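Take these sequences, add in the hints, and give me the full structure.
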Amino acid sequence: MGEQSEFERFCGNCHHHSMYKYPDIIFCFKRFEQGKNATFSTLDHCEQWELQLQECFCLRDALEKQSQKRK
Amino acid sequence: MNRQDLLNTPVRHMELKPNMTVNQLVRQFDNAGSFGAGRLATACDVFEDMVRDEKCTVFLALAGAVVPAGLRSVIADLIRMRLIDALVSTGANMIHDLIEAFGGHHYKGHWLVDDFFLYKYHINRIYDIFVSEEDFVKADKILIEMFDEIANETQGQVLSTSELMRLIGERVEDPKSIVRAACEANVPVFLPAMRDSEFAYIHIVHTRRNKKNEALLVDSFKEASEMVALAQKSERLGMIVIGGGVPRNAVQHAALMADKGLDYALIITADRPEYGGLSGSTPEETISWGKLKKKAGRVMVIGDAMIIFPLVVAAVLERLGGGFKREGNP
Chain F
-14 MGEQSEFERF
-4 CGNCHHHSMY
6 KYPDIIFCFK
16 RFEQGKNATF
26 STLDHCEQWE
36 LQLQECFCLR
46 DALEKQSQKR
56 K
Chain L
143 MNRQDLLNTP
153 VRHMELKPNM
163 TVNQLVRQFD
173 NAGSFGAGRL
183 ATACDVFEDM
193 VRDEKCTVFL
203 ALAGAVVPAG
213 LRSVIADLIR
223 MRLIDALVST
233 GANMIHDLIE
243 AFGGHHYKGH
253 WLVDDFFLYK
263 YHINRIYDIF
273 VSEEDFVKAD
283 KILIEMFDEI
293 ANETQGQVLS
303 TSELMRLIGE
313 RVEDPKSIVR
323 AACEANVPVF
333 LPAMRDSEFA
343 YIHIVHTRRN
353 KKNEALLVDS
363 FKEASEMVAL
373 AQKSERLGMI
383 VIGGGVPRNA
393 VQHAALMADK
403 GLDYALIITA
413 DRPEYGGLSG
423 STPEETISWG
433 KLKKKAGRVM
443 VIGDAMIIFP
453 LVVAAVLERL
463 GGGFKREGNP
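Here the protein sequences come in this chain order: F and L. When you line the first sequence up against my numbering, it's residues -14 to 56, in that order. When you line the second sequence up against my numbering, it's residues 143 to 472, in that order.
Since the hints were derived computationally from the structure, they do not count as laboratory data. Hints are not guaranteed to be accurate.
Derived pair list, reagent style DSSO-like, types lysine-lysine, alpha-carbon separation capped at 30 Å [unchecked claim]:
| id | chain 1 | residue 1 | chain 2 | residue 2 |
| --- | --- | --- | --- | --- |
| 1 | F | K50 | L | K262 |
| 2 | L | K262 | F | K15 |
| 3 | L | K354 | L | K280 |
Quick list of simulated restraints, FRET-style, between CB atoms [to be verified]:
| id | chain 1 | residue 1 | chain 2 | residue 2 | range |
| --- | --- | --- | --- | --- | --- |
| 4 | F | R45 | L | S367 | 48 to 56 Å |
| 5 | L | E291 | F | E32 | 23 to 31 Å |
| 6 | L | V255 | F | Q33 | 31 to 39 Å |
| 7 | L | D191 | F | Q19 | 51 to 59 Å |
Remember, it's a predicted structure, so these values are computed and weren't measured experimentally. Just so you know, even glycine gets a beta-carbon here, dropped at the ideal spot from N, CA and C.
Dropping the structure here:
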């Protein structure tokens, strides 16, 4: 719990994410199994967020794209 | 046999000319008759004999990543022309067919890449082919929802893999899809190792989405009876193998269980017999099991199926001509 709280919560660093549209949209099989909406922004997160320490480029690239849009 | 019997067929050296057709090139291979070229020429003869034999049921046993590598349309076209009567495949090849049917692509890549770099970019590699994770995920989603729909439609009925593939084929719109082509041509698609593919993950997620007694039921044993019944109905049996593995064994086993044995066998593999595996086993070894008849037309071509199979198909299509029609068996 303590270890996970060091990281900001994004779908892009969640254990359950798979790619749906790189880098913007992920697919969450955990929510899909539950019959819930499964496509989310890489920069979103939900109450079922679980950290995956091996960060993907999708999160980096989604954050980069977001900062470019804000300029 | 005397000495002269061994020295009565000289090698005729190949002569290559501008604008040669594929079949003309294969005829030159036959003139030389040596090494892989000679085997490839024999493979064309065996395939031609198989499809011209009106009483022969032709099985294509498909293993190895030939669909993502570029043989998707070749196989779909052979099915539509009914030059193949039954497809026995790995689950993976059908998944790759369906990835493209649902809008995904396979990309030319390279084998000398940093694979961990690919992993971070959500890209999967098959030797020198790249496939994006999202194309897999989109296919997974569509197929899981299809499984939901089919389970609802079949209401607890236990399906064979060929029945399931037909129901999937009915729902696929892409006319270039192998699964769609097989459904339209009434060619069964057997996946004897379906659970050893992405289909297993699809089924797991489908099962978790549905109540226990409402999930799709697939019985792999059921298709064994279907394959044997198909072999029993046929007067003669032919087998084309790309790769080997489970699909090849399934076809050979069906021929044996039908108490017949194969009449034709064309095997394309990169494997070698010395390691004792099924994929590298020679047609002659198959005779020892009763799975292939002693007098069967047969050949094993060792090499890259991505080179050999298109050459064989192109040469034989040229020989058959555009007007050739095959009804298919049975």
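#### Entry: R45 (chain F) versus S367 (chain L) beta-carbon gap, inside 48 to 56 Å or not
holds, 53 Å
#### Entry: Pairwise beta carbon distance, E291 (chain L) to E32 (chain F), judged against the given window 23 to 31 Å
Holds, since E291 (chain L) and E32 (chain F) (Cβ atoms, about 30 Å apart) stay within the stated range.
### Message
A range of 31 to 39 Å was offered for this pair. Does it hold for the Cβ distance of V255 (chain L) and Q33 (chain F)?
### Response
holds, 34 Å
### Task
Return holds or violated for the Cβ distance of D191 (chain L) and Q19 (chain F) against the range 51 to 59 Å.
Given about 56 Å between the Cβ atoms, the range holds.
### Message
Holds or violated: K50 (chain F) and K262 (chain L), Cα atoms, limit 30 Å.
### Response
At roughly 17 Å apart (the allowed maximum being 30 Å), K262 (chain L) and K50 (chain F) satisfy the hint.
### Query
Keeping to a limit of 30 Å between CA atoms, is the pair of K262 (chain L) and K15 (chain F) held or broken?
Given that 30 Å is the threshold and the Cα spacing comes to 21 Å, the pair holds.
#### Entry: Restraint check for K354 (chain L) with K280 (chain L), where alpha carbons must lie at most 30 Å apart
holds, 25 Å
Checked against the numbered hints above, the structure violates none of them.
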